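195 is the number of the first residue of the sequence shown in our numbering; add one for each residue after it.
Treat the hints as calculated values from the structure; they're not laboratory data.
Because the structure is a prediction, the values reported are computed rather than measured.
All residues carry an ideal CB built from backbone N, CA and C; glycine is no exception.
Where hints are given, some of them may not hold.
[As the list claims (entries may be wrong)] With a straight-line Cα cutoff of 20 Å, these simulated EDC-like cross-link-like pairs (lysine to aspartate or glutamate) come out:
1) Lys-511 - Glu-369
2) Lys-638 - Glu-655
3) Lys-297 - Glu-369
4) Lys-433 - Glu-470
5) Lys-433 - Glu-369
6) Lys-301 - Glu-369
7) Lys-437 - Glu-284
[To be verified] Estimated spans, in silico, between C-beta atoms of each pair:
8) Glu-247 - Pro-481: 44 to 52 Å
9) Asp-642 - Arg-667: 14 to 22 Å
10) Gly-615 - Leu-562: 27 to 35 Å
11) Glu-247 - Asn-658: 31 to 39 Å
12) Asn-242 - Met-354: 37 to 45 Å
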Amino acid sequence: MKKNLYALLTIALLISCQSGKKSYNIDSVASPRGTEVFQDNWQNIAENYQFPEWFVDAKFGIFIHWGAYAVPAFGSEWYPRHMYQKGSNENNHHIETWGPQDKFGYKDFIPMFKAEKFDADEWAELFRKSGAKYVVPVAEHHDGFAMHESDLNEWNAVKMGPKKDILGLLKKAIEKNGLVFGLSSHRAENAWFFNGSMEFPSDVQDMSISLYGRRYESEKYTEDFAREWLAHTYELIDKYEPKLIWFDWTVNNPVLMPYFNKFMAYYYNNALDWKEDVVVNTKQGYPTNVQVWDMERGKSDKMMQFPWQTDTSIGKKSWSYIDGEENKTPAQIIHDLIDIVSKNGNLLLNIGPRADGTITDEQKAILLAIGQWLDVNGEAIYGTRCWKKFGEGNAEPTKGSFSDNEATAYTAQDIRFTTKGNDFYAIALNWDDNSLIIKSLDKKAVADAKILSVSLLGSDEKINWEQTAEGLRLSFPKNKPCEHAFAFKISFDKKVGEHL
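Please build the complete structure, drawing on both the sequences and the hints.
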């Protein structure tokens, strides 16, 4: 019986993909204009693809997790899954607050998700003031609710809930503010996200509700789902022309992988027609020279050959808005940004707006504090490249995925390096009223280059310096030009080498 239900659901979903206003030829990787430079294999893509200069220069972006899961505002953005898992905190909370799942299911939050105070221009202005250079709203999360106009998914923000094309409004406002528009798609995770609900009475057992996906028992995907996933991804490319597309982890599944390769080729071919440089982010499974490797809530402990990215959230508990969230401090985020940039990476920092479309005052204040620091020190971040080593110091920062909730205690002797032309930036991660020794810049290390000047960004005070066999000794000025971290600019008469 269950197999028959799955078969009927599959047929219904395939019909829905074919009956929309537009069809997508997912067997072709050619753009609508016929461009077919990129093929769906890694060797071809590597031979033809170059990472966008805008991405490598940008260093800092904003991620936005916003959807109907902001209505219950409990646990995390995984509330839609956990509310259907017996014994979970979300399951108990849901029954106590909203009633049993066969009477009030996740779909019933959607009419309550009105976004009545959402102002795309206000958001975009805040992101610009934060110093971010690109913005990545979630187009569709694991819950299956599309935050955009869709011909393939009837459960979307234009038809219900906000009754607005949230993604389209954000694209317009983001680009009007001079920022780069991207998006993320988590549709691959929707196929199994609601599978716990098959164990007890719930609305998820109504197979006519396509919001709840395939109800697969695990992450074992099928070819027909892979084709459906690809059609939805083509739709996002065609409708919104994003310059960045971010994916969660299951796109590395062996069944999905050939279709993901088709997606990359199709996306890159379209970008040639748009005359734009685009980039893809994934977490694992794909070569790092055909797309950007992304690490969730953590950092690399070494420099990477190709550009990479950390995605993390201001909130320590959730990616979406929840009551009782605990946020990171501006200092912690700025230190992580500096460390990541020194290792050839970017930071994609997430916010979680409320269901009504407002951003909390605390998260606003954190973004503005980052922007204030970048107003002073952005020269040492934007458009920079790695040096031969990322830095020096005794502090051991966290490394690896899901490790960045705890802040590292740095001293002034913990320094990170970036370069730009003949300028070398040494960013001290704390303040010292006395002096600083940069051991990596001793006379031997840069014997073929001459120091022309030394200054501290944001300060007009003279910086005393002396290059010795021990290193370059610098004095701190009397007054701090900013908080959190301090960027010394050392100008040489030639380049002193970059990381390759």
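Do the hints match the structure? See the list:
Taking the CA atoms of Lys-511 and Glu-369, the gap is about 30 Å. The hint is violated against a cut of 20 Å. Pair hint Lys-638 plus Glu-655 does not hold up; C-alpha atoms about 28 Å apart against a cutoff of 20 Å. At roughly 42 Å between alpha-carbon atoms, Lys-297 and Glu-369 are farther apart than 20 Å, so this suggested pair is violated. Of the pairs offered as hints, the one joining Lys-433 and Glu-470 holds, with about 15 Å between alpha carbons and a cut-off of 20 Å not exceeded.
Between Lys-433 and Glu-369, the direct Cα distance comes to roughly 15 Å. Compliance with the 20 Å bound is thereby established for this hinted pair. The straight-line distance between the Cα atoms of Lys-301 and Glu-369 is roughly 32 Å, outside the 20 Å bound, and the hint therefore fails. A C-alpha spacing of about 36 Å is found between Lys-437 and Glu-284, which places the hinted pair above 20 Å, so the restraint is violated. Take Glu-247 and Pro-481: their Cβ atoms lie about 20 Å apart, and the range 44 to 52 Å is violated.
The supplied range of 14 to 22 Å is met by Asp-642 and Arg-667, whose beta-carbon atoms lie about 20 Å from each other. A hinted range of 27 to 35 Å for the beta carbons of Gly-615 and Leu-562 is consistent with their spacing of about 30 Å. Between Glu-247 and Asn-658 the C-beta distance comes to about 37 Å, which sits within the given range of 31 to 39 Å. A hinted range of 37 to 45 Å holds for the C-beta pair Asn-242 and Met-354, which are about 41 Å apart.
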